Amino acid sequence: MTQLALVIDLNVCVGCQACVTNCKEWNTSGEAGPMVDQNPYGKDPTGTFFNRVQTFEVGEFPNTETVHFPKSCLHCEDPPCVPVCPTGASYKRQEDGIVLVDYDKCIGCKYCSWACPYGVREFDEAQKIMKKCTLCVDRIYDAKMTAEERRPACVRACPTSARLFGDIHDPESEVSHAIREAGGYQLMPEWGTSPANHYLPRRKTRLRIREDELERADNPLKIDGQLPKPGKAEPSLDDVTSW
Amino acid sequence: MLPAFSVIFLTTLIGVGQGLFLALFTAQSYALFDLLPKQDGPSFYAYGSAVALLFLLGGLVASFFHLGRPERAWRSATQWRTSWLSREVIVLPAFIGTVFLYGVAHLLEWKPVLATLPGGAAIDATVVLGAIGTLLAFALYLCTGMIYACLRFLREWHTPLTVINYVLLGGASGFTLAAAFAALAAPDLERFFAGWALIILLLGFVGRVAALIRNRRLKPKSTPQSAIGIKHPRIVQATQGFMGGSFNTREFFHDRSRGLLRSIKWLFLAGAFAVPALLLAAGLSGAAEFLAAAFVVQYLGLIAERWFFFAEANHPQNLYYQSVA
Ligand code: SF4
Ligand code: SF4
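Chains as they are written, first to last, in my numbering: chain A, 211 to 453; chain B, 359 to 683.
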């Protein structure tokens, strides 16, 4: 079985909102109809988005860290939003694990959004139906595009390559490697939804130096000076190494 | 959660309708075994069913206001295998139809005897319809309650008490209405209904207070730490990613103060329980004119109760929408 998913590297994301913009651009121009905004240029602009980038501050000043946190539907492997839908509009595709809403069936009862703990479903106030990330299902299988283009719009837009896309059930895929090797984790594991999207944690590269490594162990008396020049007859470095 | 009045009216109105029907059929069953005086003529059960139908249809109409695309509502009957909402969509019309047939059978006095019990009680068509209706009424309470109780993230609702309270509160309001109706149409049943209404009301009070106490003690399972997967005791959202609000900031927040919430709680404890209990007691002791007042106060109290029920629920998605910036 295939389970397509995004893997988002929090260590790399700079919170530039490029993925948000490109997601909206692609998905509002698609055949599924626009993602309508209200008051786009007014005082309280609001509208439907599939993807949001949030920012969290971790720690207390001055030891704070800013974490940019992109969030879209996680395409849960056990999606709680699907069984509650009374119309069957919300469904999970067998072939690739993408969770979708059939806009022609949705009655806009919003029950699915209550059943998603992640707050990623957004009701379209103009079309009166529920919307959410489709993993760009209308891009990734488009045979008219090059392989490079057949990836979700957000992944294509990310200037820092913080977003990876692939099949997390294929152990050799780029995303599986990333999850395995960089400690990929799921959000709110306490609900057993098993989100397909994973996040890679913030990582710090630290040099671990012990006290005794700062001191020359072969100079216990701390006497500085040039080492005595070896005599001409003594073996040089060239005699003991190959370089 | 943001309490939606469409759902508040849906659940309270059909609760009354179901309760009233259950009250009518309880009286008929008692009368079947000669425990209560039989009602001469069709009017009591037929008009009682008509009143129940009014409430049920009112609830049905209210439910359509909740839908973004009501013209597609028929589709919502398809997923009964997995969705309690879908099951409710099937059971509600089935129940309405049964109440209608029950009322019509009484009105036309269409009572072919289908069987006779050993004791001599005749099981006629209205008894069979009433029994089916009773099953459907309880099934409908179950569906309505489970729509909320099955959502495990909304821990305030995820308890059997939710279903129990839907049954008890709906039942109590229905029996109160039956008492008020009997005061007009069948005075000899008035005390019977008022007595049961009082008993169910007290049980409902116990159930609702149990739920309040339980919910007070709930500790959230999801935290900012589990929401973004970072282990640090202090995580504050700097921005939710937009300023003008979104569906997620509107649907899941009631934006009311804790003080108001507390006032509504006391309001519904008084309105849905204390005051109607006193009025019912007064009705029991002979002052029938209090029964109608008991129902009106109780219904208003139940609206407050349902509002509080929704507002009290705290959705884990709110962790992601803490800071407008
Ligand atoms: S993240 Fe929410 S909307 Fe997406 S599959 Fe999981 S539960 Fe459903
Ligand atoms: S809003 Fe649409 S997709 Fe969601 S549960 Fe209702 S019908 Fe299904």
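Calculated directly from the structure, the hints in this document are not laboratory data. Check each hint, because a few of them may be wrong.
Said to hold, decoys possible - In silico lysine-lysine, DSBU-like type, Cα no more than 30 Å apart, as pairs:
| id | chain 1 | residue 1 | chain 2 | residue 2 |
| --- | --- | --- | --- | --- |
| 1 | B | Lys623 | A | Lys320 |
| 2 | B | Lys589 | A | Lys414 |
| 3 | A | Lys234 | A | Lys315 |
| 4 | B | Lys396 | A | Lys320 |
| 5 | A | Lys320 | B | Lys469 |
| 6 | B | Lys579 | A | Lys414 |
| 7 | A | Lys338 | A | Lys315 |
| 8 | B | Lys577 | B | Lys589 |
| 9 | B | Lys579 | A | Lys302 |
| 10 | A | Lys338 | A | Lys253 |
| 11 | B | Lys577 | B | Lys623 |
| 12 | A | Lys302 | A | Lys253 |
| 13 | B | Lys579 | B | Lys623 |
Said to hold, decoys possible - With the C-beta cut set under 10 Å, the calculated list includes, among others, these residues of chain A facing chain B:
| id | residue |
| --- | --- |
| 14 | Gln227 |
| 15 | Pro255 |
| 16 | Arg262 |
| 17 | Thr265 |
| 18 | Gly269 |
| 19 | Thr276 |
| 20 | Lys281 |
| 21 | Ile317 |
| 22 | Cys319 |
| 23 | Ile339 |
| 24 | Tyr351 |
| 25 | Arg390 |
| 26 | Glu391 |
| 27 | Glu400 |
| 28 | Gly402 |
| 29 | Lys414 |
Quick caveat: nothing in here was measured; it's all calculated off a predicted structure. Backbone N, C-alpha and C define an ideal beta-carbon position, used for all residues, glycine too.
| Per the CB criterion, is Gly402 (chain A) less than 10 Å away from chain B? | With Cβ-Cβ at 9 Å, under 10 Å, it holds.
| field | Given hint Pro255 (chain A) near chain B, where the shortest CB pair must fall under 10 Å | value | holds (4 Å)
| field | Satisfaction of hint between Lys414 (chain A) and Lys579 (chain B), Cα-Cα up to 30 Å | value | holds (29 Å)
| query | Taking the least C-beta to C-beta distance, is Gln227 (chain A) closer than 10 Å to chain B? | reply | holds (8 Å)
| Taking 10 Å as the limit, does the beta-carbon of Arg390 (chain A) come near enough to a beta-carbon in chain B? | Nearest chain B Cβ about 16 Å off; hint violated.
| field | Holds or violated: Lys579 (chain B) to Lys623 (chain B), with C-alpha atoms at most 30 Å apart | value | Roughly 24 Å separates the two Cα atoms, so the pair holds.
| query | Quick one, are Lys234 (chain A) and Lys315 (chain A) close enough, alpha carbons at most 30 Å? | reply | Satisfied, since the Cα-Cα distance of roughly 22 Å is no more than 30 Å.
| How about Tyr351 (chain A): closest beta carbon in chain B under 10 Å, or not? | Check failed: Cβ of Tyr351 (chain A) comes no nearer than 27 Å to chain B, outside 10 Å.
| Restraint check for Lys589 (chain B) with Lys414 (chain A), where alpha carbons must lie at most 30 Å apart | holds (15 Å)
| message | Is the interface hint satisfied for Thr276 (chain A)? The criterion is a beta-carbon contact with chain B at less than 10 Å. | response | holds (7 Å)
| With a cut-off of 10 Å, does the beta carbon of Lys414 (chain A) approach a beta carbon of chain B closely enough for the hint to hold? | violated (13 Å)
| said: Hint validation: Thr265 (chain A) versus chain B, beta carbon distance must be below 10 Å. Holds or violated? | reply: holds (4 Å)
When the structure is compared with the earlier hints, violations turn up for hints 4, 5, 12, 24, 25, 26 and 29 and for no others.
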